[in-house]
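> The chain contents come next:
Protein chains: 4
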Amino acid sequence: MSQYILKIDCQDEKGLIYRVADAVFKYKLNIVKNDEFVDKEHGKFFMRAELSGEINKNEFLGTLEAVLPNGANIYIRLKDKKNIVLMATKESHVLGDILLKHFRGELNANILAVISNYDDLKELVQKFEIPFFCASHENLSREEHEKMVLEILAKFNLDFIVLAKYMRILSNSFVEQYKEKIINIHHSFLPAFIGANPYRQAYERGVKIIGATAHFVNNNLDEGPIIAQDVITVNHEFDWKDMQRAGRNVEKVVLSTALDLALEDRIFVHKNKTVIF
Amino acid sequence: MSQYILKIDCQDEKGLIYRVADAVFKYKLNIVKNDEFVDKEHGKFFMRAELSGEINKNEFLGTLEAVLPNGANIYIRLKDKKNIVLMATKESHVLGDILLKHFRGELNANILAVISNYDDLKELVQKFEIPFFCASHENLSREEHEKMVLEILAKFNLDFIVLAKYMRILSNSFVEQYKEKIINIHHSFLPAFIGANPYRQAYERGVKIIGATAHFVNNNLDEGPIIAQDVITVNHEFDWKDMQRAGRNVEKVVLSTALDLALEDRIFVHKNKTVIF
Amino acid sequence: MSQYILKIDCQDEKGLIYRVADAVFKYKLNIVKNDEFVDKEHGKFFMRAELSGEINKNEFLGTLEAVLPNGANIYIRLKDKKNIVLMATKESHVLGDILLKHFRGELNANILAVISNYDDLKELVQKFEIPFFCASHENLSREEHEKMVLEILAKFNLDFIVLAKYMRILSNSFVEQYKEKIINIHHSFLPAFIGANPYRQAYERGVKIIGATAHFVNNNLDEGPIIAQDVITVNHEFDWKDMQRAGRNVEKVVLSTALDLALEDRIFVHKNKTVIF
Amino acid sequence: MSQYILKIDCQDEKGLIYRVADAVFKYKLNIVKNDEFVDKEHGKFFMRAELSGEINKNEFLGTLEAVLPNGANIYIRLKDKKNIVLMATKESHVLGDILLKHFRGELNANILAVISNYDDLKELVQKFEIPFFCASHENLSREEHEKMVLEILAKFNLDFIVLAKYMRILSNSFVEQYKEKIINIHHSFLPAFIGANPYRQAYERGVKIIGATAHFVNNNLDEGPIIAQDVITVNHEFDWKDMQRAGRNVEKVVLSTALDLALEDRIFVHKNKTVIF
Numbered sequence: 001m002s003q004y005i006l007k008i009d010c011q012d013e014k015g016l017i018y019r020v021a022d023a024v025f026k027y028k029l030n031i032v033k034n035d036e037f038v039d040k041e042h043g044k045f046f047m048r049a050e051l052s053g054e055i056n057k058n059e060f061l062g063t064l065e066a067v068l069p070n071g072a073n074i075y076i077r078l079k080d081k082k083n084i085v086l087m088a089t090k091e092s093h094v095l096g097d098i099l100l101k102h103f104r105g106e107l108n109a110n111i112l113a114v115i116s117n118y119d120d121l122k123e124l125v126q127k128f129e130i131p132f133f134c135a136s137h138e139n140l141s142r143e144e145h146e147k148m149v150l151e152i153l154a155k156f157n158l159d160f161i162v163l164a165k166y167m168r169i170l171s172n173s174f175v176e177q178y179k180e181k182i183i184n185i186h187h188s189f190l191p192a193f194i195g196a197n198p199y200r201q202a203y204e205r206g207v208k209i210i211g212a213t214a215h216f217v218n219n220n221l222d223e224g225p226i227i228a229q230d231v232i233t234v235n236h237e238f239d240w241k242d243m244q245r246a247g248r249n250v251e252k253v254v255l256s257t258a259l260d261l262a263l264e265d266r267i268f269v270h271k272n273k274t275v276i277f
Numbered sequence: 001m002s003q004y005i006l007k008i009d010c011q012d013e014k015g016l017i018y019r020v021a022d023a024v025f026k027y028k029l030n031i032v033k034n035d036e037f038v039d040k041e042h043g044k045f046f047m048r049a050e051l052s053g054e055i056n057k058n059e060f061l062g063t064l065e066a067v068l069p070n071g072a073n074i075y076i077r078l079k080d081k082k083n084i085v086l087m088a089t090k091e092s093h094v095l096g097d098i099l100l101k102h103f104r105g106e107l108n109a110n111i112l113a114v115i116s117n118y119d120d121l122k123e124l125v126q127k128f129e130i131p132f133f134c135a136s137h138e139n140l141s142r143e144e145h146e147k148m149v150l151e152i153l154a155k156f157n158l159d160f161i162v163l164a165k166y167m168r169i170l171s172n173s174f175v176e177q178y179k180e181k182i183i184n185i186h187h188s189f190l191p192a193f194i195g196a197n198p199y200r201q202a203y204e205r206g207v208k209i210i211g212a213t214a215h216f217v218n219n220n221l222d223e224g225p226i227i228a229q230d231v232i233t234v235n236h237e238f239d240w241k242d243m244q245r246a247g248r249n250v251e252k253v254v255l256s257t258a259l260d261l262a263l264e265d266r267i268f269v270h271k272n273k274t275v276i277f
Numbered sequence: 001m002s003q004y005i006l007k008i009d010c011q012d013e014k015g016l017i018y019r020v021a022d023a024v025f026k027y028k029l030n031i032v033k034n035d036e037f038v039d040k041e042h043g044k045f046f047m048r049a050e051l052s053g054e055i056n057k058n059e060f061l062g063t064l065e066a067v068l069p070n071g072a073n074i075y076i077r078l079k080d081k082k083n084i085v086l087m088a089t090k091e092s093h094v095l096g097d098i099l100l101k102h103f104r105g106e107l108n109a110n111i112l113a114v115i116s117n118y119d120d121l122k123e124l125v126q127k128f129e130i131p132f133f134c135a136s137h138e139n140l141s142r143e144e145h146e147k148m149v150l151e152i153l154a155k156f157n158l159d160f161i162v163l164a165k166y167m168r169i170l171s172n173s174f175v176e177q178y179k180e181k182i183i184n185i186h187h188s189f190l191p192a193f194i195g196a197n198p199y200r201q202a203y204e205r206g207v208k209i210i211g212a213t214a215h216f217v218n219n220n221l222d223e224g225p226i227i228a229q230d231v232i233t234v235n236h237e238f239d240w241k242d243m244q245r246a247g248r249n250v251e252k253v254v255l256s257t258a259l260d261l262a263l264e265d266r267i268f269v270h271k272n273k274t275v276i277f
Numbered sequence: 001m002s003q004y005i006l007k008i009d010c011q012d013e014k015g016l017i018y019r020v021a022d023a024v025f026k027y028k029l030n031i032v033k034n035d036e037f038v039d040k041e042h043g044k045f046f047m048r049a050e051l052s053g054e055i056n057k058n059e060f061l062g063t064l065e066a067v068l069p070n071g072a073n074i075y076i077r078l079k080d081k082k083n084i085v086l087m088a089t090k091e092s093h094v095l096g097d098i099l100l101k102h103f104r105g106e107l108n109a110n111i112l113a114v115i116s117n118y119d120d121l122k123e124l125v126q127k128f129e130i131p132f133f134c135a136s137h138e139n140l141s142r143e144e145h146e147k148m149v150l151e152i153l154a155k156f157n158l159d160f161i162v163l164a165k166y167m168r169i170l171s172n173s174f175v176e177q178y179k180e181k182i183i184n185i186h187h188s189f190l191p192a193f194i195g196a197n198p199y200r201q202a203y204e205r206g207v208k209i210i211g212a213t214a215h216f217v218n219n220n221l222d223e224g225p226i227i228a229q230d231v232i233t234v235n236h237e238f239d240w241k242d243m244q245r246a247g248r249n250v251e252k253v254v255l256s257t258a259l260d261l262a263l264e265d266r267i268f269v270h271k272n273k274t275v276i277f
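Chains as they are written, first to last, in this note's numbering: chain A, 1 to 277; chain B, 1 to 277; chain C, 1 to 277; chain D, 1 to 277.
Bear in mind the hints are in silico, worked out from the structure with no lab data behind them. Careful: at least some of the hints might be erroneous.
To be verified - So the derived label-pair ranges between C-beta atoms look like this:
#1 D:Ser171 with A:Lys28: 18 to 26 Å
#2 A:Asp239 with C:Gly71: 21 to 29 Å
#3 B:Arg104 with C:Asp80: 29 to 37 Å
As the list claims (entries may be wrong) - Straight-line alpha carbon distances no greater than 30 Å define the calculated DSS-like cross-link-like pairs of lysine-lysine that follow:
#4 D:Lys127 with C:Lys81
#5 B:Lys241 with C:Lys44
#6 A:Lys81 with B:Lys14
Since we're looking at a predicted model, the values are computed, not measured. No residue lacks a Cβ here, since even glycine has one placed at the ideal position from N, Cα and C.
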């Protein structure tokens, strides 16, 4: 039997669960897992189900469209591996963590390529037999550099771009082309310490807890919808380099967690926030 | 409009969500919140919904019984305040925390009484104008003492008994009379350090993290279904009294969390475990 | 034997520990606990010791002054209870937690008074037989209101003022009079969500973790030296009122922790940061 | 200037800090960092200092021995890289994490070899150009197998053996040969769930938090001195394989933390507990 993911978000109305459950029942599908949420502030209904059975996808989609409110977003997909491209700069802790997870068969994705603006990571990436592309930004304008990166990306039929410590800011036009498809790890507990060198900022402020945040990238730097966050405690003995060192474990765990959620189609984005089942 | 809680647990079958949603729809009820879970190991379906609307409770119950598998547990209740009795011994940090929460109107319960085997807590309890019963165990057998406590409890129509650091072990026959109604806070991260003086045990073992566990009381000491747990870090500078002191904050927060879950009918007990929505 | 706390901070130099240990040894004092830290960035030495024995305090101070660098801050105090005044507005969860801890004899302080700009908390405070002063701000300028509060404070020989959810901003001149003596609890994970209604801000931003921060109050709102922080996880089901409710446990625990540290003379303030032993 | 680590543990006496500081001062050493702790229950003094300067090690040791109580353990060592051997079985998440950290130059150790009882990990280890030894236990008694492993270990001048998910129990005689040199990661929050398959045990017990524990190996399985622990929350949706999957991140972070502490000579073992500075 095939396994499907069904995601619906639409205007909230009475009877939505009944209508969906009715359709699911008629198609003789089994509901393996089901989650719903109503955002009362915005009158919005979210639902994600894991279904098993056999369907004609378009027919089932048509049935759901007929019973759901106008403008409903309906997403049906076979539960399979996603395709991702990783982007990084020089640091290897987050990238290496994903490569290792992929190597041991625990990442629900194919890594199509790694793109970096330096070649420092080439050796590591090639150990794992993943195609590595160096797209140096040297002597290039941001526009020229992004054009080069976009040309590499265009080669791939990808589901997500994962910024595994890619230290360059993406332009709005770049982001627009991969809306809700770019996942970034920011090395602070957002919204604290937006921008450059958050560990130095955290040190200067004298915080007792530092963290990391995985989020979708949107047009505003470090302000996209948050997917996952975690923290660790620090104290006065930590200078900012100690914080950076300690923070690496959180960074890799948080990005890994967020990536798993994305790969399993568990995230909805709504009003710059995420609903996660 | 009235607010209801509906809880169902039964053998899992195809179409359960559809059948319940159908009944809810026919009674023109609005689903405010809905959660489901299937325990695949045991083929068991759990569902909890918050509904708004007007129903004849028995009629609605009948409708559900007709469409659900034999042996289904169906619980429908108006979303209202529960009645609880607190039991304690000498320590006031957990008891006081609940009394304060009740005093500021944030506890979704009426505190009918506090029962203790000492009178140390009388002064505190009376400050909050809650009836205080001292049932001393001195010179009494366990059986005689429990009889005295049970007679006090029998005065009240109660939903839950909360053991807020009640330091006596309850007999099986006591527990049987209040099955899944007695919530205890154990001052360790269960199943570590069962039994007496867990902080001393934790100190002797040299652990780096200590915790607290709220659980339903069953026939086996400290082995009932776990509702909530939390931990804090300690280090070599903590002797067992320091651990005890530090642990008090965790104890009160964990019991408070577990009690809120119980008062909102969010807990199912199944096979000595809890399913919590 | 008497117990003393010795705190030293001064310019770092070779031989400081030797010189202090030499003095301690000559006065036949026993070192019960000793902590040091050197802030390398600023070339600053911090030391805190718990000593037992008998000394002439001024003589011992003179001995230390003679061997330590010019400008050294030396603090010697008998290990005894501090005197504190609490200030609050309407919310009782943090205030009540401190009152309870004091009531059960676990707070290392005498609570001299509670001052509020409303009288909502009067009933609670009086249950615990602590003097309550209502200093309403109604129809008063900030200056007039603070004058009234300062007159009440002037009655007391206090070590610390604890803002237990006091919801008014203190002027620079007020703060100057109690430098490093005012401890506040801010209901966010600073520096995120400075200012009004941090829970609403956190909800709007869609964070997955919220927190609380205890800090000394300085001239810049929510920017004083941080003493303690803690966090809890939230998800898309929390609206801002749910966050506020959940945050109360963190607020009271974080302030309680910070207050204990202050009462035990464990905090140094330096360059808007804290060194905590 | 050279950097040294000085570790002392001995019976507690008045004047110990003075005596050590005096010696350090006479040798014109600079104290970069200094920590002390007195275990009052056992009357035991612990001290660790980071010193910079130039010394004749034996001479300095003699000076310290002369002023410290009989039986004092004094350890002086240049602050340099340690030598370690890793042992593993089939799982690669913990091993891979250490290999990656070593590869990026952040592990304060040379990895001399990886030994496994299977050859599943060979490919991964060889990617990082570390010698890999397969010592299969098939058709061998425990004694014979350990003899083979010990012969491999004997080739190396090692500081620590790191059990990175080595799934065989070591005999007492093996452990005796590397006393306080073998660091293990146990995939539960010890002392809960000692022995085989702790995730299954945790699932059966219905805990809401799972964890991992790094500890020195002693003669009693899973009962050695604990170095580091950490936890993550789980809920009823986790079956034991989900717990295992989620636990991997904690396992690798906890072992990495414990290993760093060992490599920096920050751990004392005393009475089956650790003192960690």
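> Give a verdict on every hint.
Hints, verified against the model:
1. D:Ser171 with A:Lys28: 18 to 26 Å: 58 Å, violated
2. A:Asp239 with C:Gly71: 21 to 29 Å: 24 Å, holds
3. B:Arg104 with C:Asp80: 29 to 37 Å: Holds - the Cβ-Cβ distance for Arg104 (chain B) and Asp80 (chain C), about 33 Å, lies within 29 to 37 Å.
4. D:Lys127 with C:Lys81: Violated, at about 62 Å.
5. B:Lys241 with C:Lys44: 34 Å, violated
6. A:Lys81 with B:Lys14: This hinted pair holds, its Cα atoms lying about 27 Å apart.
Hint compliance for this structure: hints 1, 4 and 5 are not met, and every other hint is.
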